[in-house]
Amino acid sequence: MSNIQSMLAIGSLFLLSMVSLNFNSALLQSNTAEIENKVYLTAFSLADDLIEEVKQKNYDEKTLVFPTVNRGTLTQTASLGPESEVYPFFDDIDDYNNFSRDADAPHSESYHISAKVYYVSETDPDSKSNNQTFHKRVDVTVSSPYLNNKVILTFIFTHK
Amino acid sequence: MTSIIDILGSSFIGGLLLLLLLKLNLFANSSSVTSDNELKLQQNSKTLAEIINYDFRKIGYEYDSTAIAIADSEHIKFYADIDRNNTIDSIEYYISDTTLATGTENPRDIILYRKYNGVAMGGPTLGLTKFKLSYLDEFNVVTNVLDDIRYIKVELWVESTIREMESNFVNPNHPYLFTYWEMKINPRNI
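These protein sequences, in sequence, are chains A and B.
For what it's worth, my numbering labels the leading residue of the first sequence as 185, then goes sequentially.
For what it's worth, my numbering labels the leading residue of the second sequence as 16, then goes sequentially.
What the hints contain is simulated information worked out from the structure, not anything from laboratory work.
Every value quoted in this text rests on a predicted model; they were computed, and no experiment measured them.
Where is the CB? At the ideal position from N, CA and C, for every residue including glycine.
Hints are supplied without guarantee of correctness; some may be wrong.
Claimed, not checked - Within a straight-line C-alpha distance of at most 25 angstroms, the following computed BS3-like cross-link-like pairs (lysine-lysine) qualify:
#1 A/K300 - B/K168
#2 A/K334 - B/K61
#3 B/K55 - A/K241
#4 A/K334 - A/K312
#5 B/K168 - B/K147
#6 B/K55 - A/K239
#7 A/K334 - B/K130
#8 A/K239 - B/K168
#9 A/K334 - A/K246
#10 A/K239 - B/K92
#11 A/K246 - B/K61
#12 B/K55 - B/K147
Unchecked claim - Computed footprint of chain B on chain A, listed as stretches where at least three residues anywhere in the stretch have a Cβ under 8 angstroms from a Cβ of chain B:
#13 207 to 214
#14 235 to 241
#15 286 to 299
For reference, chain A alone in the conformation it holds in the complex:
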């Protein structure tokens, strides 16, 4: 075999191994995406469950008995969080601030669910407010070791 033929054979073997490697990695990626989709679906369900749970609560500790028209009487921004309540006996929305728990589902275990609650501007619900307003935003985050990205669902509650 001449040198040129040897070089060509080595080159073709190299190309073959590269194609094989790429093919296997494509196979793996496809399988990973298939599993991840299922985990995402459950993560969305878990986030939605928590939002549904929060919907049942009062707007604020100060409006448990009577509603208010005075924003200043609402819980201050720095005090958002449970007063003395312990989960699951939360009574208002901001008790869920910094709340977190773990959950398992048939597809995969070790979901971590956490929530943040803060006031948002009444004219621009995307911007956080440092003062009390009649809009509270709840961000629910679900993470899992099997997810590349966290699932974040947001809901804005209004004082009625």
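With chain A's structure known, arrange chain B on it following the hints.
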């Protein structure tokens, strides 16, 4: 001698290449079928979830007494003016056993029935294999006291209705894709 080695070597490499191409082709086909089935599975789950969600959110609407009459893990009966015609309707959800869903390949699937004012209607199976209801009070604690129910947790186990032989994620003894859907519904009128 060297020619024979050359021929054997090139045949071996050519064979490997052919096998690789064959596998690639098979994988592309099976991947397309699997993702199509997976999509159908998720659409079925969402359809079932939307049907249930639509009715359960209205539990107790315009009804002054205890709105939930039966609260079992696979059977619920409740009252609501579901069609807003000022008449209280009774709605029931329950499931069949696995023998009734004969139109699909999956031996485990069941039919979800919706009984509206005494008339039962079962839709297509949509691959539902397990349907579980849990009832929670205002503190998210499981309760069986009908008046205390504030949340209904619905869990759906849905499988593909046709066999999935190509996927790597199915049990060879029961080759069907599987998905799980759960939702917690807080009917506003109870």
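Results for each hint:
no., hint, verdict
1, A/K300 - B/K168, "holds (23 angstroms)"
2, A/K334 - B/K61, "holds (21 angstroms)"
3, B/K55 - A/K241, "violated (36 angstroms)"
4, A/K334 - A/K312, "holds (21 angstroms)"
5, B/K168 - B/K147, "holds (8 angstroms)"
6, B/K55 - A/K239, "violated (31 angstroms)"
7, A/K334 - B/K130, "violated (40 angstroms)"
8, A/K239 - B/K168, "holds (15 angstroms)"
9, A/K334 - A/K246, "violated (33 angstroms)"
10, A/K239 - B/K92, "holds (24 angstroms)"
11, A/K246 - B/K61, "violated (39 angstroms)"
12, B/K55 - B/K147, "holds (22 angstroms)"
13, 207 to 214, "holds (count 3)"
14, 235 to 241, "holds (count 4)"
15, 286 to 299, "holds (count 3)"
The structure is inconsistent with the numbered hints 3, 6, 7, 9 and 11, although it conforms to all the rest.
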